[in-house]
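Trainee: This is what each chain is made of:
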Amino acid sequence: MSTDFSKQPGSATASSNGVAVHAVDLYRCYGEGDTAVNALRGVSLDVLTGHLTAVMGPSGSGKSTLMHILAGLDKPTSGSVEIDGTEITTLDDTALTRLRRKHVGFIFQFFNLLPMLTARENIVLPLEIAGEKVDPDWFNEVVTKVRLSKRLTHRPAELSGGQQQRVAIARALITRPTVLFADEPTGNLDSRTGGEILDLLHDSVETLGQTIVMVTHDARVATIADRVLFLGDGEIVKELPETTPEEIQKAIQEIGRK
Amino acid sequence: MIRITLRGLLTRKLRSFLTAIAIVLGVCMISGTYVLTDTINHSFDSLYQQIYKGTDANITGRSVVSNDYSGTGITPSFSESVLAKVRAVKDVKAASGGVGSASCSIVGKNGKVVSTGGAPNLGYSIDPSIPELNTVTLVSGSWPKKNEVVIDQGAANKTGYMAGDMIGILVNGPVRKMRLSGIIKFGESNSILGATLAGFDLATAQQLFDRQGKLDAIQAVAKPGVSPEKLVQELRHALPKDLTVRTGQQEASKASSDTSKQISAFQYFLLAFAGIALFVGSFVIINTLSITVAQRTREFATLRTLGGSRLQILGSVMVEAIVIGIAASICGLVLGFGLAIGLMRLFEKLGLELPKNAMVIEPRTVIVSLVVGVVVTLIASIWPALRAVRVPPIAAVREGAVLPPSFFHAYRTPGSLALVAMGFGALLSGLFVHGLGTGLTLVLLGAGALLIFIGVAIVAARVVKPIARAVSPIGTFAVILLSTLIWPFSFLLWLFSLAIGRRKEFPDFWPFVLLLWLIRSARGKKPRLSSLIPDRAMNRLALANSGRSPERTASSAAALMIGCALVTLVAVLSASLIGSFKGAVDSIFTGNYALTPVNSSSTTGIPIASSKAVAKVPGVEAISSVRTGFARVFGKNSMVTAVDGQPSKVFRLKWKTGSESTLDSLGATGAVVSDAFAKSHHLNLQSPLKVVTPAGKSLNLKVAGIFKPPTGGSAFADVTFSAKTFDANFQDPANMYTLLNMRGGTSEANSRALDKALKGFPNAQAQTRKEFADAQIASLNPILMVLYVLLAFSVLISFVGIVVMLVLTVYERTRELGMLRAIGITQRQTRRMIRHESVITALIGGAMGIALGIVFGALLVSRIPFVSFTLPVGELFLFAILAVIIGIAAAVLPARRAARLNVLEALQYE
Ligand SMILES: Nc1ncnc2c1ncn2[C@@H]1O[C@H](COP(=O)(O)OP(=O)(O)O)[C@@H](O)[C@H]1O
Ligand SMILES: [Mg+2]
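Sequence order for the protein chains is B and Y.
For the first sequence, our numbering gives the first residue as 120, with consecutive numbering after it.
For the second sequence, our numbering gives the first residue as -8, with consecutive numbering after it.
Please note: incorrect hints may appear among the correct ones.
Far from chain B, by Cβ distances over 10 Å, these chain Y residues were calculated [unchecked claim]:
#, residue
1, S106
2, L193
3, A229
4, F328
5, H673
6, L811
7, V864
Derived pair list, reagent style EDC-like, types lysine to aspartate or glutamate, alpha-carbon separation capped at 20 Å [said to hold, decoys possible]:
#, chain 1, residue 1, chain 2, residue 2
8, B, K264, B, D203
9, B, K264, B, D211
10, Y, K456, B, E240
11, Y, K715, Y, E651
12, Y, K693, Y, D718
13, Y, K495, B, D211
14, Y, K603, Y, D746
15, Y, K495, B, D322
16, Y, K699, Y, D655
17, Y, K103, Y, D29
18, Y, K252, Y, D29
19, B, K194, Y, E896
None of these hints come from the bench; they were simulated from the model.
Quick reminder that beta carbons are idealized off the backbone N, C-alpha and C, glycines included.
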């Protein structure tokens, strides 16, 4: 498949947008006293259903922190997060875990596959954990999408980095999560493979209607994102809807100069 | 380099601590054993020193038969006239003669003899007129006069008797009522090792013990300035040759050496278990250090790139081991002192009071404990250290670099199989090659078992995966079973957690789940039962995890395997013994009642008069008693038995020559022998057979019959003759037991009639056939308990081994656990996953151990004559469940750590 970064305006799912994640006035403070770091200082945002929302910003600007809080892996010092209408900041660990199971998918920079399981077993792991049945049609669709049909019996050690990340993507898609979070999914891949992954994520949004929030440093994301948020020092400093790589480069430099 | 190592140790505190435990327990057993046995030994030494303190010369009859197992009464008594001859010797200042018996019981206020738990009931004459020779002191009352008695403080405490009471004394025959004139103490002790003491004046004692005009021993004191040796010389000249004269010192050290022989056997026995514990511990050490080395691959590689030599890497691992070894050995040493003190307290509680003495800590105890602990740790660290050395510098820069396969890798499986084969070779030759001697046999058995364990442990890595797959569902269901059993408890815990506001998860209630399934099935939906097991995914992950590094799982399991194999061996042996014995009792014993001693471990038997009294009970159709004694036959000390009454009516034997009625008509010279005995001494019908009594008298018997003892042991010794002959030639004849047949079989009325007839025999009791059989077996139980407790140490160590493995595994898989938590496994699921891996590991160990134990047991049983193999199914099932419990318990700490990992930190963990 050729790398296609062209935006397809007016895609079917983008029109009927609901709010997948609703975050209000998020603060996150690490440590206390003199050494306290304010990683987030008042971030509010809505992640729209069927959108690919990209988060960019310099290192240390709070991107990962924001992702973790939106995904319910971390709790904000103050502020609220709703996923699919459920307030998650007050849930206990078990309830939160169950919510993640149902509503949240993850793609990590370091793939994080289980080495002793085959690709297939890794992909269906979230369903197994939840004690749910695998829908064979959906499984086939996802596997075809990530182009792993011929690699299903391989173990992670026998797969390339790109293939491993595609397994991770399939693992995230298999539960049809309300929202899928990806923190620098291309950070550990070469540029070409990274492009393929971006392409795949875009395709998931377009054809499967998957909602995605993604942190990346790759300017090519501009062509596939419905919206790009720029974080600087714990605040949203800029927001670009449907943008171009050039605009992004400019924005990054602007923020860097501040 | 050493500084780095030490800092590493400190940062890995928990792991170092757990690793050390493996050695601490083994060393603790070593030092505890030494301190305990040394202290007991010392106690006995000073006891005998005390007894013979004032004695310069001790004169006894000379025994031709020695029997290490009983003390008093084995040397023949001699004429009282000797005393006058002794007193007439020039240098004798004073001399006192005495008699004694080891079967002189005190009858308590309840009419039953004071029970001693196996210790003897000593009775002897006391001569307070010669203070040098008197070893006891009066606590209250006065010394005994004619027909009076003094008893020890311990017995007085047990019975509540006070000076002036009339008390019952039982020797042979009916109870004698005597006035208790006083209470005595032995040195500082209320009693000696639980024995009861009864003291009389000489004439009373002679009459009680049937020694009129005779003495068992004379103690003499020399005039001032005369050495004991000189006195002994003079006495030897003056006295007949059939008397033994020794100095008090010699007598004391002879007595000491007799007991210290037994104690040193006990010491070896305990040390063997300490050795097993250390062996298991070394598995744990190897495993822990190997895992650490694997986890530190990157670190070692970096050190290598920075210029560290292979030797330095080797050193760093070894130093770590040495530090752990030294620290653990010191802890073990000190804990061992505690263990010894605890055991001595326990003995005291059980009534086996030792003469008061300080704990004896020999330098040897300290040296051996420390050296063994450190050396075992060092040896166990060699393999992991060599692995560390093989880490190439390139591993520092390459993600996931694996160690190059070792030189031995290719030979691993054949090599370990060869070890197993060699082990079995040693085991089999130890068991079945004749004439090897005890020492060599034990060495062969020990070495064989050791080789087999090591070989199986190594080869186990190859078969861990299939075994894990096989035991995984067993583990699942065992855990379900156990959690159902403890559900009420878990529920209470849950309520409690609600009450204190720290809500736990609601405990699964499996019967409820099952009910749900039944309802759903009844409704026509057919969910698979297995689909109801929550977290099958977790179990599957755990199963996959257990196969990730098979060496680790295998060696953790192997540690448990050793303990399990030995426990199983013990269970198989005891089941076989008990099964065979029950079978033997059933086949030999056709009577329906038995008369036996109240103290089941009593070596003194019950008065012959008791069977005479019972014989008069209406309804008794046949009665026969068995006496036992030691004699010299074909130049060897052996046990002999004698029968009276109508043996043919209560015994049934298999005969080669003769029949039951042969037993009825042995006459003065007839003897029956076992077929094995007949074979080894080439005896046939009418062959002459010479039996030499302890008093030196030769009995010329003739073989009248040859019988085949059944498996499970015979009621008779190799040589059996008539009670008439026995009573005429052996001192203190008494029945070991009496069998009888009553009209109407066992019944309330019959039991009552027998009890009534036995009123005057407080140390005899009537047992039904079944009670009799059970009572014989009951004496096995304490031995079993001791063995299980000693093996429990090894099992405990392997338990710690599983804990360490899991803790290290959790470290290693931190990032993975973070990912799993992120994609939706709950804390409870995390715990279940770790727990299941632990249960699988424990079950692998349990399964291999039980299998090996059965094999060992079968081999050993096949070697023991009269015993046939019995599989203790119930016990083995219990052991499997215990393995599951060990698995569950081992997972508690690691599972909690895993569940409490902060998801984000775990995800970022390097
Ligand atoms: N666990 C933590 N403890 C303390 N400070 C942290 C922690 N995690 C992140 N920070 C700080 O919060 C800020 C934002 O971090 P992060 O969200 O990781 O940034 P980004 O992902 O954009 O690089 C940084 O200054 C970082 O140092
Ligand atoms: Mg980041």
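Trainee: Now tell me if each hint is right for this structure.
Mentor: Results of checking the hints against the structure:
no. : hint               : in the structure
1   : S106               : holds, 59 Å
2   : L193               : holds, 85 Å
3   : A229               : holds, 90 Å
4   : F328               : holds, 47 Å
5   : H673               : holds, 69 Å
6   : L811               : violated, 8 Å
7   : V864               : holds, 36 Å
8   : K264/B with D203/B : violated, 26 Å
9   : K264/B with D211/B : violated, 35 Å
10  : K456/Y with E240/B : holds, 18 Å
11  : K715/Y with E651/Y : holds, 18 Å
12  : K693/Y with D718/Y : holds, 18 Å
13  : K495/Y with D211/B : holds, 11 Å
14  : K603/Y with D746/Y : holds, 14 Å
15  : K495/Y with D322/B : violated, 43 Å
16  : K699/Y with D655/Y : holds, 17 Å
17  : K103/Y with D29/Y  : violated, 36 Å
18  : K252/Y with D29/Y  : holds, 12 Å
19  : K194/B with E896/Y : holds, 13 Å
Against the hints set out earlier in the document, violations occur for numbers 6, 8, 9, 15 and 17.
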